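Quick mapping for you: the protein sequence lines, in order, are chains W and P.
Position one of the first sequence corresponds to residue 0 (numbering that gives the first Met the number 0), numbered consecutively onward.
Position one of the second sequence corresponds to residue 0 (numbering that gives the first Met the number 0), numbered consecutively onward.
Simulated from the structure, these hints should not be mistaken for lab results.
Watch out, some of these pointers could steer you wrong.
Said to hold, decoys possible - Distance windows between CB atoms, simulated:
hint : chain 1 : residue 1 : chain 2 : residue 2 : range
1    : W       : Val1003   : P       : Ala404    : 39 to 47 Å
2    : W       : Ser402    : P       : Ser423    : 31 to 39 Å
3    : P       : Val402    : W       : Val1003   : 26 to 34 Å
4    : P       : Val312    : W       : Arg1068   : 17 to 25 Å
5    : P       : Val312    : W       : Asn757    : 29 to 37 Å
6    : W       : Leu362    : P       : Ala168    : 43 to 51 Å
7    : W       : Gln364    : P       : Ala514    : 37 to 45 Å
8    : W       : Asn909    : P       : Ser353    : 56 to 64 Å
9    : W       : Val1003   : P       : Thr482    : 46 to 54 Å
10   : W       : Asn596    : P       : Thr482    : 44 to 52 Å
11   : P       : Ala168    : W       : Ser911    : 37 to 45 Å
12   : P       : Ser351    : W       : Gln364    : 30 to 38 Å
Nothing here was measured: the structure is a model prediction, and the numbers come from that model.
Glycine included, each C-beta is placed from N, C-alpha and C at the ideal position.
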Amino acid sequence: MKLIVIFTVVLNLQCLANVYSQEKVTINLKSTDFKKVISSIQKQTNYHFVFSERKIPTDKNLSVNVQNLEVPKVLDQLLANTNFTYTVLDNNLIVITSKDEVVSNVVVKGTVHDANGQPLPGVSIRVKGTSAGTQSDMNGNYSINVPDNATLVFSFLGYDTQEVVVAGKTTINVTLSEAAKNLNEVVVTALGIKKEERKIGYSATTVGADDLNKVKETNVASSLEGRVAGLQISGTNGGPGSSVRVMLRGVPSLSSGTSSPLFIINGVPMDNTQRGASGEWGGADMGDGIANINPDDIESMTVLKGQAASALYGSRAANGVIMITTKSGKKNTNFGVEYSTNYQMDKVRNDLDYQNIYGQGKLGQKPKDGDAGDAMNDGSEAWGARLDGSPLTQFNGKIYPYSAVPNNILSFYRTGHTFSNTVAFTGGGDHGAFRFSVSDLNNAAVVPNSGLDRKSFNLNTTQSVTSKLDVSLVANYIVDNENNRTGLSDGPGNPNNVLFLSPNEDQRILAPGYGANGVETQFTDDNYVTNPYFAAYKFVTNTSRERLITTASAKYNFTSWLYAQLREGYDVINDKRIDITPTGTGYNAAGSMDQNNGKITEQNTDILIGAKHDLVKDLLNLDLTVGGNIRKAGDEGTRISGQNNFIIPYFYSLSNFSGRNADVPYFHQRETHSAYYTADFGIKDYLILSTTGRYDTYSTLPANNRGIFTPSVSGSFIFSDLYHINGLDFGKVRLSYSQTSGEPGNPYADAIYYSLSNSINGVPAAAYNHDQLPNLFLKPYTLTEIEAGTEMKFWGNRFGFDIAYFTRKTEHEIFTAGLDISSGYWGRYVPTGSIQNRGVEIEVHGTPVKTSDFSWTPAFNFTYVQNKVLKTDANNTTSGLGTYRPFNANTAWVVGMSGPQIMASDYVRNASGQIVFDAQGLPQGAPRTPMGSTVPKVYGGFNNDFNYKGFNLSFLIDYRYGNKILSATSYYSILRGLNKITLPGRETGVVGQGVDPNGAPNTVNVPAETYYQKLARQVSSLDVLDGSFIKLRQVSFGYTIPRTILSGTPFSSINVSLVGRNLWTIMKRSDNIDPESGFSPNVAYAGIEGTSVPAVRTFGFSVNFKFKN
Amino acid sequence: MKKRYIYSCLVLGATLFAGCTKNFDNINTDPNQTTAALINPNFFMAQAQMEFANGSSGYRQLLFQSCWIQGLASTEGYYTNGDKYVYGGSPQTYTNMIWNDDYSAEGRIYEMKNLIKGNAAYSNLDNCGTILQVLIQQQITDQYGDSPYSQASQAKSGIFTPAFDKTQAIYTNMLSQLATATAALDASKPGPTSDLFYKGNVAQWKKLGYSLMLRLAMRLTKVDAATAQKYAEMAYSGGAMSSAADDAKVFSDNADNYPNNAANTFLNNVPDWQGVRWGNTLISFMQSNSDPRISAVAEVAIGNGLTANGLYVPGDNTASKQVGMPNGYDLGGSHDISTAPGYPGATPADPSVSGDAPAEQGKYSRPRFAVYLDRNGSNIVLTYGETELLFAEAASNGWATGVAATHYANALAADMQALAELNSTPQAVVDPAAITAYVAAHPLTPATALQQINMEYYVQACTTFQFIEAWNNWKRSGFPVLTPVVYPGQFTNGSIPRRVTYPVSLAQTNPSGLAAAAADQGADNFMTKVWWDK
């Protein structure tokens, strides 16, 4: 942080120094041309030149050798014996003209207004072709000294730029009109090809920097939540830097894993490998690739939803594409500095609503007086007596009152904070531009002793080598260290076990989590439930990552309509992970340690040749691009685990073991070769027909089945250009058909392999991988989509909407069908999967209220997706996905239903629907049946922006309907007597309402603990909760300090914002949990939650400073 | 000109990018694994032996059969499945472990046999493979009943939902296969080279084959005495194990990441070590016989209090101090251990240890540290002593398997000596003189032969941590006579479990098999009896 401030100051001083630079120059140039001399003068002095390209000397063999000479004298020398002359104006402007042209100096004055007649201060007024100019004052007035043949350029952010020729005028008043948003915007489409948004035949939504970085999420993908129709984001409750599940248009495929769309950064794919997630056996979330990107460096993110949009990416586009464009410098701008700082606090929200009437104990009895072991047996259970404040001997032998402890859980978690700082330097000359930024993010998680530190360096340069050849380099270097990623889901090493304490057990008495000998202080009789303090402070799960993402490209323009581009993208990641189970752990007293070093690479080389030409002048236009791509991707690494015990307890090093077990270094590689084209035919700019095609060959597939061709066709008709309708500014209908393909998730899936295991007592041993039966007949699968949509804008863009209908279907999907091990394998690849998504996306936006000082810009989006599994394997077997630790329910692909379905057990009921109890009066679970999908059918967001003078208020509400949650919190809270549903019958016993096995009314009275524990184990439908919600997702309140106030300062702009995120759950239907809870980003585990980091509320502020140029 | 330039670019581009896929086969070859051409099929045997033998010794049996058979007892919540027939922990995680590990091991053997099919040079390996398959399948079938056998492990041939064979059919098939394979073993040909049982000694494999045949045969005494007799006599004439040197066992190898499962469980879990004790049924019986094995297998923790009780240090193995813990008690619940008959009392908290508490089970005997907490300890698979006991029973039935009393006496001596095999450096050593004296003092009496033989089977199986085998023999013979534990919320309605439930995932991965099994043998619960258990 300190470093950044020093940087800023030093660079800014340099900037100021330039203003007072000398007017004398030293030039020593041989065989040069006139332009280079001028450029050299401009660099050394404060002079700017005005000239016309055709009206300067063309001699390319000039030699200049001057020492400390005034500029006019240099020019005299240069222009002697030429037909040119120069004039120095009093604002350091030098005009070069031919001698027969008479140039005189004019002072132009005037006022700049907006469309409502209000004066516009701060408008930049520039002499065209130079960076010399002035700004309008508070009243919109300006005055500038220019040559009488100059052209003035008026520009102001948010307004259309206007050019006025001076032509001798001395007063020029200008009215700037507001830039008509979205009308003629350019959108970056697949392969980085820029197209006019109005013309494209599919749906694409761009989210700008403001929406992404105002409130900083440690994973920038989370910021997209609620902002784009068709896009659904689910985070993992795993602390900072956790992975997200990004789903476009429903569950994209049966094999979609984390379902991640392809992330493209500056035109080339980047790696988004999910590095490991929790499951029913616990473990931490290891984060994904997108989480590494610094939001401050992002200019925009464009979501290409439909397959027609992403077809050019072939197989990898099956889950959709999100294109990231990072910020860049602009040509012909002065050196600029921008600094932003952001501070946020996270507070845990308590969603638990447990009973507080009965305390720790068993069968209605509190633990025996003076018996610590007895208390230890039920430290996380509440089957005891009514809480009465009487003394209770706890597991630690000390005496506490037997009464409820309020707010117990909240006090375990601390206030988290995130402090991020970014400083960016930009600038550009005639031939190039750059932006360089340094950013630091420091986070302390709500889970004690856990946090994240990330430094990012981003360089973006472009350079014109010749007038035809442009080169650019974008490099993003990231150093990411995460401390103690939090254990989730299952009990071992999980600090969130604190969520299941007896109502009378104060979490503070668990601290510090270990005794004098360093051994874990256990508080229950289940040693796999780690003491939360011991888990937080003694367990280690650290990851560190160094990553370099680079894109280098060269583009050659043969003519104004033909170019060729060569691009190389390389993303290389070095990861290190250390896991330590400390000495003295309850379930592993000896402790263990392992270290995993890995490397991931993603390399893309592509060539594009583009041509844009009229086939029939003013009627038929062709925009053609053809190209090819070679992708090489791989991951490799080594994992070393300590064998036997630590020799010296508490000394955690791999050197401290009598032996080390090195897994065979893992190594995976794959290669894809592709060729593709895109051709757009435009008739008079209002009817556009686009077609794309891509041929891929995959190394992961068998030789006879390697290649597949996937086409797309899309058309758009801008009817508003043909028929004029009152009030309608823009109207378009579009239709597209497309097909993409996919390959197996893993290489080496098409052959049978044998591997050597560790030798046993010196005897060699071998095995085959029985997790997955290889399939020798794999072929690429296909995904077909039809999309129809319309987009309209009315009344000067005061109102607009975009509606899309889509239907998409996968066929011959390669997915893993579960087998029982008695078949010899745990699973097999089957090329029979098929899944369908149909839905509607609506985006409505507008500016219903707009006056000179005030505007209101709401934007609403709505998505309805109906997912249906059409086929699994040949027999349409229900295919199991994920489960939670109680194992009495799971998620699965069920043919004919939306996926993933929760399969859970209801009560056993008789024909008339009555619950049938067993002879002991206990409830029984029926076979599992589908109980609803974990993925919402309806979701979206409603964003509102209010602007009043310099103030801005915006808030985002988002919502989700129609999904179910499988809740381990529900299971454990019932099993342990914490849930309020376990209250009836506590003191009297429970007689279940229903019938006995013979059909007579059930009359057996069962102790509450026995009854409810059986209930929890058998009837898992109680754990299936409704995941619908409406949330106030984000609020920000900002103020931009007026330029006039900043006139005496080094700043050109300061913006201050107060921000908040996840502030208020307006509606939810899930008791005891946040409806978004989840421990894994994997689709298989979507909707399964339990023992994870609670939801947090975030508050903070951010300040953005722009220094004067 | 320009057009030609563009076209050639296109052609070149297409060729370069889509064309050269020649090295794709190379790219898609896993450099860290090998193929059928290079693998040595022998290597699968060691893998399967370890998977099966060590797989059976940890939580898979400790949480269930060890306590059902009252060889061990526990007040711990994790052990309520076994001690009280009440669900504890996540029982479904553990009930399917035998299934998963055993079928995994069987799959290795199937693959091995596949690779050497028709290759005469491997005939011994092939037949040893059959013996191993039967060994594994018997454990599966005895525990779950109907199960895939004739179609098991054949996913590669397209059988994804193998049919569940009836237990009777499995036994019939296993016996005939065993007879063929064992007879065909030929000591003059090369033996298996990766063999953890016998280091490739084919003669010993042959003995194992016949001992296993005897065990299979004797399981059938209640349902099909004729078949039992036929194969017991075949085993006797064929030549079963003849000394403790023939015992089948697998030594764990901690340094290579194959730690002994039972030892690992106790060493990794202080509460398990604090709360799991020898069962009163076992220890009382041994004491009533003045069994000299008590000091070899049991000890009482030294020191007072909970902390001392959880320390991994050897205890006091003086025979007179040993007390078995009764099953069915908890800590602080409705059946607090302090209310047990003959409760020896807690050891008081150690005042010098902060936060220490009284050890309520502290005076009960636990498995000896030096013997059972050895990560390099052995997993006993099948012993000469067991063979002699079963021959003794067969002979008592009047079958042509020798003299019952001789077999019994041989068994007693062998069982006591076999304890030394638990560790590579013998820890549980019974004084030879004491063995001789005990054998002399406990001759087989025809009137009580069945009881004597099967109670000894119980003691030897429990003390060698073969609880699954002890439980199977109890189901068959009715010995020991056990009093079920009474506790609220039992999943068996007050009786001792006789079966283990199938993995729940089968409902999705093989529903037809599951349905066939239910139709054949009854509901999938802990009370349904397998075919031979009447």
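List in ascending order the numbers of the hints, as given earlier, that are violated by the structure. Those not satisfied are hints 1, 2, 3, 4, 9 and 10.
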